[in-house]
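Those sequence lines, one after another, are chains A and B.
1 is the number of the first residue of the first sequence in our numbering; add one for each residue after it.
1 is the number of the first residue of the second sequence in our numbering; add one for each residue after it.
Pairs of lysine to aspartate or glutamate residues, derived as EDC-like cross-links and limited to a Cα-Cα distance of at most 20 Å, are as follows:
id, chain 1, residue 1, chain 2, residue 2
1, B, K353, A, D138
2, B, K406, B, D109
3, B, K157, A, D102
4, B, K100, B, D405
5, A, K178, A, E52
6, A, K108, B, D122
7, A, K196, A, E186
8, A, K223, A, E195
9, A, K231, A, E127
10, A, K205, A, E250
11, A, K181, B, D53
12, B, K336, B, D368
13, B, K409, B, D186
14, B, K353, A, E136
15, A, K108, A, D57
16, B, K353, A, E235
17, A, K178, B, D53
18, B, K353, A, E229
19, A, K231, B, E387
20, B, K49, A, E177
21, A, K249, A, E272
Please keep in mind that the hints were generated in silico from the structure rather than gathered at the bench.
Keep in mind it's a predicted model, so treat the numbers as computed, not measured.
Okay, here's what each chain looks like letter by letter:
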Amino acid sequence: MKMKLLRSKNWKVFFISLAFVWLQTGLVFAQQIRVVATWPALADITRQIGKELVNVDSLATGVEDPHGVPMKPSFVPRLNRADVLVLIGLEDEHSWLPALLDVANNPKILLGRPGYIDCSVGVPVLEAPTLVDRSEGDLHPRGNPHYLLDPVRAKVVAQNIATGLSRNFPQNQATFEKNLKAYTAELDSWIGRWEKMATPLRGVKFVEYHPEWIYLADRFGMKRVGSVELKPGIEPTPNHIVGLVQQIKEEKPQLLIYGAQNPRLPQQIASETGIKVVRLYSGGGNQPETDTYIKWIDYTVRTLVQSVS
Amino acid sequence: MDLCQTRLQTTSAVFVLCLVILFPRVGLSQEDATQALRKQLGEIQNQLKSALDRIDQLEKEKSSSSARLGQVEKSVQAVQSAPSALNPSMGLVLDANVQKRGTAGGLFDFRSAEIGIAASIDPFARLYSFINGTKNGVEVDEAAAITTSLPYNLTVKGGRFLADFGRFPKYHEHELPFVNEPLSIDRMVGGETQADGAELYYLFPTPFFLRATFGAMNKIGEGNDRIDNTVLRSGSQFTYLGRLNTYFDLTDNHSIELGTSLAYTPSVRLAGNVSGGSRMLNGVDLTYRYQPLGSLVYQGLTWGSEFYANSERFPFDIEVPNEDDPSILETRTVGKRQQSYGGYSYVDFKLNKNWSTGFLLDYAPVIDNPSQRTLSYSPYVTWNISEFNRLRFQYSYLSNNFKADKADKGNQFFLQWTTVIGAHTHGFLTR
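I would like the entire structure built from these sequences, with the hints used as guidance.
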């Protein structure tokens with residue numbers, strides 16, 4: 001029996017079937033544009049623009065520290081097969097993406113090529129440093145890259161993605177533009193709702209762990225009074241924590257917002273000052289209620305409003 | 001009364017007659033009006049459509065012209081803000097330590113100052129170089145060009161580089177998770193796999209990561225002085241390299257990476273080596289990583305092991321009777337093939353964003369006399385003050401089964417300080 005199974009005819013049938021299945025899979029995927037996005041929120045916006053024309057894959061899951069995505073070799077085959085790459089830009093992915101692109105053997109998606117869709121193009125950037133020096137911490141020389149937290153700026157992102165997809169696949173330009181219009185209209189409607197919903201956030205003072213929340217604060221009128229980190233990307237010294245605790249006691253901010261960072265320090269500061277601690281991720285996509293861009297922003301705004309109510 | 005009735009009847013009859021005559025006319029005029037209205041509506045719709053098309057066209061023109069304007073503005077800003085934009089990115093790493101080795105004493109060891117330079121050459125290739133200054137002088141550690149746009153998933157690298165053999169042998173020493181390169185790498189591979197030659201990489205079109213490397217080089221190993229790097233040689237006297245490297249995500253947080261390497265030199269009869277013969281250096285490496293995505297910056301565990309086998313003929317002296325006078329013994333150098341096996345294993349725990357600790361176990365034979373070996377144990381602790389500033393303390397205990405120098409046995413202590421300025425990365429190979 002065992003010998004029968006191992007007969008060459010059986011193997012031939014097996015390999016022919018395998019090749020057939022593989023070819024079919026290839027044909028199915030060949031019909032769609034293969035997009036790799038660095039973050040789930042970008043992947044979702046791309047899906048809204050490309051709809052059934054695109055097959056979008058996100059490298060990060062959304063729970064990662066924006067500056068601590070592992071350089072997994074499993075990302076390499078995905079980048080190798082991508083038709084376009086959608087990324088945040090502003091050096092947000094500098095610690096892991098360039099090295100992966102070096103080995104992905106895909107010239108289509110290298111910096112400067114048509115398939116490299118940098119979503120930061122045309123986004124009004126905040127906190128562009130005047131002094132680019134590492135004494136100021138782990139800086140992003142062209143400005144704070146966490147702009148996706150502002151839904152108005154997300155409209156520019158959607159436009160960039162539509163433009164990028166049209167640049168690579170001009171035959172589908174009309175579809176991308178139609179989908180962009182629909183998505184922008186949907187975003188506009190949500191922005192109106194969020195602005196009403198976020199009325200209680202206007203003027204709310206907050207402390208953040210890492211400078212990730214400035215775009216959201218800027219949109220909804222919140223005021224940042226301090227950061228747990230000594231400088232961007234630099235863990236605090238004991239003296240900095242003492243100073244921050246004192247500042248919180250004096251200025252009485254209502255919220256301390258942190259995300260992928262260690263909860264220990266925020267909890268410690270909260271126990272000393274009574275400040276309310278909120279954990280929110282600046283990546284989105286990590287849980288069912290944040291698995292689309294709109295759901296993520298909605299969840300974020302609702303959570304903040306509930307925290308100050 | 002009758003007259004009135006008759007008039008009424010007549011009027012009614014005329015009215016009915018008028019209705020009968022006029023009604024179809026009224027119906028007909030309604031139909032005409034509807035048709036006219038439809039026509040007008042159609043015209044209005046056409047006008048509206050052409051107006052909307054015009055608006056769309058104007059919007060497009062406006063957005064494309066504003067995009068063009070934005071690009072021009074960006075370009076001007078880029079040139080104004082970064083006049084050195086076309087210069088390569090540069091960085092400098094300082095690696096220094098203070099050490100105490102056995103009973104031999106201590107030393108402030110300026111180990112290296114490494115300048116890294118990298119940039120794209122053109123749309124088809126990029127160039128990088130690491131120039132290393134040590135207490136012994138300045139050397140080009142690496143300077144290699146790499147293609148970026150070859151078809152069929154191929155990449156070619158040429159120049160001087162750290163050959164793709166094993167995992168840690170191609171790391172620069174300051175990139176290692178411990179202070180010193182494992183002695184097994186030093187003795188069996190010849191230190192860092194520095195090689196003058198060329199490598200071809202092929203990325204398999206598989207759903208998982210699988211990459212092959214083929215290479216040809218003068219020799220492999222910075223410290224391998226058994227082969228002269230500068231003389232002309234026949235094809236059999238080059239070293240040929242092959243490597244297969246794969247990686248699997250077990251879950252989102254757990255992964256495993258496997259590699260197997262071979263460096264084959266058909267004939268090492270160079271630099272006065274009387275023994276000749278081939279050299280076969282094999283390596284197998286296995287790395288397990290626990291990287292919790294949600295707290296990668298704060299937690300993690302890496303367990304890595306490499307095993308090497310070296311087969312090579314080495315010269316050694318024997319005493320043989322003189323042909324004319326057998327009572328006289330004379331010394332003759334002959335070659336003998338030696339098989340040696342060694343390797344290391346380490347585990348590294350990330351305790352939080354700043355602190356990590358680990359333990360290295362290293363077994364290193366002397367390859368021309370494999371019965372002599374060194375076993376070492378090295379616990380260490382690392383303080384990452386920031387991403388670019390690191391202090392590391394390591395204790396090592398070296399146990400030799402032969403008479404070794406005082407500096408190479410017993411208790412050893414190291415305090416290493418590694419700092420980086422500018423852009424400095426060793427890329428994917430040293431992830």
